[in-house]
Amino acid sequence: MKLRSRLAIFCAKIIYMASTRLKRGSGSSLPGHVAACIDPEILSGLSCMVRKKVIAVTGTNGKTTTNSILTHVLEAHGLKVISNRLGANLPDGVVSAFVLAADSQGQIDADYACIEVDELSSESVFSRLRPHCVIVTNIFRDQMDRIGEVDTVCKRIQEALKHVPEAELVINGDDVCSRMLADCCRNPVTTYGIGEKLAENLPTGPQEIIFCPACGARLKYDLVQYGQLGIWHCPVCGFHRPRPDISAAEIYFSGCYSFTLAGTPVRTHFREPYNVYNTLAAYAGLWIVEAPRQKFHPVIEQFDYGNDRESTYTIDGAHVQLFLAKNPVGFQQKLFLIRQDPKPKDVFIQINDTKLDGEDTSWLWDVDYDNLSDTSVKTVTVGGIRSSDMELCLKYEGISCSSAADIRHTIQGLILQGSRNLYIVTNYSGLYRTNRILQRIQSVRKGGSRL
Amino acid sequence: MKLKIGHLYPELFNLYGDRGNVRCLEKRLQWRGIDAEIISLAVGERIDFTDLDIVCWGGCSDRESELAAKYLTGICRDFKAYVEDGGCVLAICAAYQLLGDYYETDRGKTEGLGILDIYTKWAPERLVGNIVLKSELVPMPVVGFENHSGRTFIGGYSPFGTVSSGHGNTENDDYEGLIYKNVIATYLHGPLLPKNPQICDLILKRALQRRYNTDIILETLPDEAEHKANHQIVIRFPT
Numbered sequence: 001m002k003l004r005s006r007l008a009i010f011c012a013k014i015i016y017m018a019s020t021r022l023k024r025g026s027g028s029s030l031p032g033h034v035a036a037c038i039d040p041e042i043l044s045g046l047s048c049m050v051r052k053k054v055i056a057v058t059g060t061n062g063k064t065t066t067n068s069i070l071t072h073v074l075e076a077h078g079l080k081v082i083s084n085r086l087g088a089n090l091p092d093g094v095v096s097a098f099v100l101a102a103d104s105q106g107q108i109d110a111d112y113a114c115i116e117v118d119e120l121s122s123e124s125v126f127s128r129l130r131p132h133c134v135i136v137t138n139i140f141r142d143q144m145d146r147i148g149e150v151d152t153v154c155k156r157i158q159e160a161l162k163h164v165p166e167a168e169l170v171i172n173g174d175d176v177c178s179r180m181l182a183d184c185c186r187n188p189v190t191t192y193g194i195g196e197k198l199a200e201n202l203p204t205g206p207q208e209i210i211f212c213p214a215c216g217a218r219l220k221y222d223l224v225q226y227g228q229l230g231i232w233h234c235p236v237c238g239f240h241r242p243r244p245d246i247s248a249a250e251i252y253f254s255g256c257y258s259f260t261l262a263g264t265p266v267r268t269h270f271r272e273p274y275n276v277y278n279t280l281a282a283y284a285g286l287w288i289v290e291a292p293r294q295k296f297h298p299v300i301e302q303f304d305y306g307n308d309r310e311s312t313y314t315i316d317g318a319h320v321q322l323f324l325a326k327n328p329v330g331f332q333q334k335l336f337l338i339r340q341d342p343k344p345k346d347v348f349i350q351i352n353d354t355k356l357d358g359e360d361t362s363w364l365w366d367v368d369y370d371n372l373s374d375t376s377v378k379t380v381t382v383g384g385i386r387s388s389d390m391e392l393c394l395k396y397e398g399i400s401c402s403s404a405a406d407i408r409h410t411i412q413g414l415i416l417q418g419s420r421n422l423y424i425v426t427n428y429s430g431l432y433r434t435n436r437i438l439q440r441i442q443s444v445r446k447g448g449s450r451l
Numbered sequence: 001m002k003l004k005i006g007h008l009y010p011e012l013f014n015l016y017g018d019r020g021n022v023r024c025l026e027k028r029l030q031w032r033g034i035d036a037e038i039i040s041l042a043v044g045e046r047i048d049f050t051d052l053d054i055v056c057w058g059g060c061s062d063r064e065s066e067l068a069a070k071y072l073t074g075i076c077r078d079f080k081a082y083v084e085d086g087g088c089v090l091a092i093c094a095a096y097q098l099l100g101d102y103y104e105t106d107r108g109k110t111e112g113l114g115i116l117d118i119y120t121k122w123a124p125e126r127l128v129g130n131i132v133l134k135s136e137l138v139p140m141p142v143v144g145f146e147n148h149s150g151r152t153f154i155g156g157y158s159p160f161g162t163v164s165s166g167h168g169n170t171e172n173d174d175y176e177g178l179i180y181k182n183v184i185a186t187y188l189h190g191p192l193l194p195k196n197p198q199i200c201d202l203i204l205k206r207a208l209q210r211r212y213n214t215d216i217i218l219e220t221l222p223d224e225a226e227h228k229a230n231h232q233i234v235i236r237f238p239t
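Each protein sequence line maps, in turn, to chains S and Z.
FYI, the numbering for the first sequence is 1 to 451, going by my numbering.
FYI, the numbering for the second sequence is 1 to 239, going by my numbering.
Excised from the complex, chain S in its bound form (with noise of 0.2 Å):
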């Protein structure tokens, strides 16, 4: 390896350990940037030395649980895996994985790379990843002060995929979008999707799709999941939902979903609807590549689909849990499972409007908040930058909130005056503060003194 790649994974490597060490930051894209600044070409260099194959995750919700699914999965089976998996998924994100992983050679000694790839990266990431299979998990409104339209997202993904028409592609093809997306691609095509409703009174959100792409002609749908996914197909031009390579059927949820996958029943820990399309895009990834995986239903029956961002908490014998919700599509999931959760409960949202969560908070209003309106939700409270955008939208859904400075009083007030059940929605910026609050008022409370 020539010298200046090997000065670049020293560098690269001291500077991580001086950042953690020093506690400034997780560490997880200083180093990249630094590597990449010294050795523009350390990516394709270190990519090129896993010895099978590499995976890209990208798309819009789910990138990051279908990457540790992956990972997790061929690690079971004894494999060695690169992977970003603090969700570090900027250019400078990537290249620190790899450069973290290399030795002092500057050698990879990985079977495996599974990465997960930010859309708008997608282009300067992949060619020089050069992954041998992209899954791109689906296409919703996110950020668009950032990202753009979705027409904006698949353009991009679509010039990314330019650079690698070998890859295997892997789409959901009950999404709309990425059948759009995937249809202006040379490459080879794997789809995965649901031929049963995933839940009952599952509120759609916006569709981003309604008209055909190829067409105009209202498209139709058999069944509808959420967003624009589901069983579609257009009655004029016969653009439809293609039938799935790897699907899941006999879904069964009571309190978690079990299903087949494969022609082998499993029964997951997890009881998010879009989580049985996170599976199954892993498994997909894994299937066109060729990868072992009899491992990975076990795994799965393991595995904690909260990736350490969404944990639950026990504070003073009140359960806590911490959702992310950073789009429509996401929010509404989210609101769906507080829903879900009979016993009755508050709810704390903060919506902040860093340019990590994206400055345009109009997406607040494509969310439909009748799961709020519940009985069992005892109060509402809302914080945050934008937490009167957040109190001036529900007044107008016609329920009611306080809104509140400071999140550490306001979860320690609320479980003062009684409350058992918690729910903390976050969007981005406010999700590892929250996280490293919680924990801290965790371990008080386990110490010994009451609040």
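Check the hints yourself; a few may be wrong.
[As the list claims (entries may be wrong)] Heads up, incomplete: computed chain S residues facing chain Z, CB under 8 Å, no partners named:
no.	residue
1	D145
2	E149
3	D151
4	I210
5	A214
6	C234
7	D360
8	L364
9	W365
10	D366
11	D370
12	S388
13	E391
14	K395
Hints were generated in silico from the structure; no laboratory data involved.
Idealized CB from N, CA, C, for every residue including glycine.
Following the hints, position chain Z against chain S.
What follows is chain Z alone, placed relative to chain S:
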């Protein structure tokens, strides 16, 4: 009393929480004991503009706007007559552009409805961000979010407002949007009306006056939440 609010092509023009504008008009009527009927004007259906009091029209993607074009030609004449007769229109983003003569991009020229004698030209740099205006229509500052690559040239029309913070119709002039008779056309979403209740009430008042042909004084509503949300943007994005 009652108003009929038409939501034009909601399935195509729904990009930036635009249904919030319709919701705001509806609620602020109902809170005053005035009936509101929301009519979803779907593509392909016949629209009776003479029956409508307010038309809300939102933003959409370029692909969807091309899709809408064939339906729009069919409603052009009636829509224009409605505007000339003083019908209230709230047109946001793509709808604002489509009211004009044309939208010229690097890929060619899209014809608009030609109801307003304005035109829009595409430029590669998108104008994105929070925006604050001073509008002659209302005392409160008008706040919203803009996100557009089109630059709209409004000729001799009055602007909707003067830009205090943000971009506006183009990056080089101080104006945003336009007003013509009872049309308000603007790039501001957010959505526009909930955070600018005075604009909402102005539209309601004008529509009621037109429908009932009498002077209307709207009952004052408790608007603390609206004012707070408006004020937060004003102080964060000073001139």
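Verification of the hints:
At about 5 Å, the closest approach between the beta carbon of D145 of chain S and any beta carbon in chain Z falls short of 8 Å, and the interface hint on this residue holds. Nearest Cβ of chain Z to the Cβ of E149 of chain S: about 4 Å, under the 8 Å cut. The hint holds. Because the smallest distance between the Cβ of D151 of chain S and any Cβ of chain Z comes to about 5 Å, under 8 Å, the interface hint for this residue holds. The criterion of a C-beta within 8 Å of any C-beta in chain Z is met by I210 of chain S, whose closest approach is roughly 5 Å, and the hint holds.
Against a cut-off of 8 Å between C-beta atoms, the interface hint on A214 of chain S is violated, since the closest Cβ of chain Z lies about 11 Å away. Of the supplied interface hints, the one on C234 of chain S is violated, with its beta-carbon coming no nearer than about 13 Å to a beta-carbon of chain Z, more than 8 Å. Because the smallest distance between the Cβ of D360 of chain S and any Cβ of chain Z comes to about 5 Å, under 8 Å, the interface hint for this residue holds. For L364 of chain S, the interface hint holds, since its Cβ comes within 8 Å of a Cβ in chain Z; the closest pair sits about 7 Å apart.
For W365 of chain S, the interface hint holds, since its Cβ comes within 8 Å of a Cβ in chain Z; the closest pair sits about 3 Å apart. Here the hint on D366 of chain S is kept, as its CB sits about 5 Å from the closest CB of chain Z, short of 8 Å. Taking 8 Å as the C-beta cut-off, the interface hint given for D370 of chain S is violated, the closest approach to chain Z being about 13 Å. Contact between S388 of chain S and chain Z, as hinted, is supported at the beta carbon level, the nearest pair being about 4 Å apart and thus within 8 Å.
This hint holds: E391 of chain S has a C-beta 5 Å from the nearest C-beta of chain Z, less than the 8 Å allowed. Using the Cβ-Cβ criterion of 8 Å, the hint placing K395 of chain S at the interface with chain Z is satisfied: the shortest such distance is roughly 5 Å.
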